[in-house]
Amino acid sequence: MTTSPHGDPPLRLVQLSDTHLSRWDGPLRRNFRTLAGFVNDTLRPDLVIHAGDSVLSNPDAEEDFLAARELLGLIRAPMLFIPGNHDVGEPYERTWWTATADRVARYRRHFGPDRWLHWFGDVALIGLNSQIFGIGLAEEDEQWQWLAAVAREVEGRATIVFLHKSFWTGYCGSDGRQGAIDPADRDRILDILRGSRLLGVSNGDVHRYRKTWRGEQFELWGPSTAFLVHREETQKLPAGLEQLGVVLFEFVGEQVKTTFQTTPGLEEVEVGGFGESKLIRGEIRAAMELHQAAAAH
10 MTTSPHGDPP LRLVQLSDTH LSRWDGPLRR NFRTLAGFVN DTLRPDLVIH AGDSVLSNPD
70 AEEDFLAARE LLGLIRAPML FIPGNHDVGE PYERTWWTAT ADRVARYRRH FGPDRWLHWF
130 GDVALIGLNS QIFGIGLAEE DEQWQWLAAV AREVEGRATI VFLHKSFWTG YCGSDGRQGA
190 IDPADRDRIL DILRGSRLLG VSNGDVHRYR KTWRGEQFEL WGPSTAFLVH REETQKLPAG
250 LEQLGVVLFE FVGEQVKTTF QTTPGLEEVE VGGFGESKLI RGEIRAAMEL HQAAAAH
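Going by the numbering used here, the sequence shown runs without a break in its numbering and finishes at 306.
For the record, the hints were derived by calculation from the structure and aren't laboratory data.
Do not rely on the hints blindly, as some may be mistaken.
DSBU-like mimics (lysine-lysine), calculated; alpha carbons at most 30 Å apart, straight line [stated by the list, open to error]: (1) K220 to K245; (2) K220 to K266; (3) K287 to K245; (4) K245 to K266.
Computed Cβ-Cβ distance ranges for the label pairs, DEER-style [as the list claims (entries may be wrong)]: (5) G145 to Q301: 19 to 25 Å; (6) Q244 to P273: 25 to 31 Å; (7) E263 to P87: 27 to 33 Å; (8) A296 to I201: 46 to 52 Å; (9) G165 to A86: 42 to 48 Å; (10) G284 to I201: 32 to 38 Å; (11) R53 to Q301: 44 to 50 Å; (12) G82 to G284: 20 to 26 Å; (13) R197 to G224: 33 to 39 Å.
Because the structure is a prediction, the values reported are computed rather than measured.
C-beta: ideal position from N, C-alpha, C; glycine also.
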């Protein structure tokens, strides 16, 4: 274990992501109970960040938000949350999946702020809602204004940004959706935070662990705790570790070390291959049909 020059142990932060919890029992809920015990008893972090997709799939399923919040309460450390596409919807499009003000409000009601600044020792942690970019919500404008104010607070300080979608590395999923934030939004974030010393950016969403570098700054993809993507899908994605787990950050001053942490006892299921996935499909199909019917009138 790395220690500070004064012999103090490092501050420990765990990033978990894509828990995909719901009201239905099954391997995803079992996996999270196993994970919570591992985080609490083995990793023992000072802080936990959930990098999005707390709920299974339907951003309008109130029952799933209630169930997810209850299960996430098993984590004993303080927690911060940022939303994913299954929590509030998708950015950059105009479909049933689009993020809406109502969905953002529901998320905030259950999980607290969808953007935040948190000082963790000597490092500023910034959480952003990547799901509201490019759709014209008032919440998007408010977030840009908020980030500009935060930039003044973190000027000259070491900073890490957390969000759900990939920051630098673009890719396209099997459904055709872009997997990263738009380069214009990325560049705007970097410009706003240019006065800080950005150490790196960390996200969820891709269900794989991957750490790369952009000069002196890291881009980290956190793994899912719930399920793996289809093997055929993995061939279309940038290289990464296909394994369930979490990421441990250890901070000594402004220095940070990150490591993938496998979680003993997790069931490695693939998307679509478990009961909860089959149950949610009909629910989402019905919701999309209602949306399409309403749009046609």
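Each hint tested on the structure:
1. At roughly 18 Å between alpha-carbon atoms, K220 and K245 fall within 30 Å of each other, so this suggested pair holds.
2. With a C-alpha separation of about 12 Å, the suggested pair K220 and K266 falls inside the 30 Å cut-off, and the hint holds.
3. At roughly 24 Å between alpha-carbon atoms, K287 and K245 fall within 30 Å of each other, so this suggested pair holds.
4. A distance of roughly 29 Å separates the Cα atoms of K245 and K266; the hinted pair therefore holds under the 30 Å criterion.
5. Checked against the given bound of 19 to 25 Å, the beta carbons of G145 and Q301, roughly 21 Å apart, stay inside it.
6. At about 28 Å, the beta-carbon gap between Q244 and P273 stays in the expected band of 25 to 31 Å.
7. Range check, E263 to P87: about 21 Å between beta-carbon atoms, so the 27 to 33 Å window is missed.
8. Take A296 and I201: their Cβ atoms lie about 36 Å apart, and the range 46 to 52 Å is violated.
9. For G165 and A86, the Cβ-Cβ distance of about 29 Å falls outside the hinted range of 42 to 48 Å, so the restraint is violated.
10. Between G284 and I201 the Cβ separation comes to about 44 Å, which falls outside the hinted range of 32 to 38 Å.
11. Between R53 and Q301 the C-beta distance comes to about 48 Å, which sits within the given range of 44 to 50 Å.
12. A hinted range of 20 to 26 Å for the beta carbons of G82 and G284 is consistent with their spacing of about 23 Å.
13. For the pair R197 and G224, the supplied restraint of 33 to 39 Å is violated, since their beta-carbon distance comes to about 19 Å.
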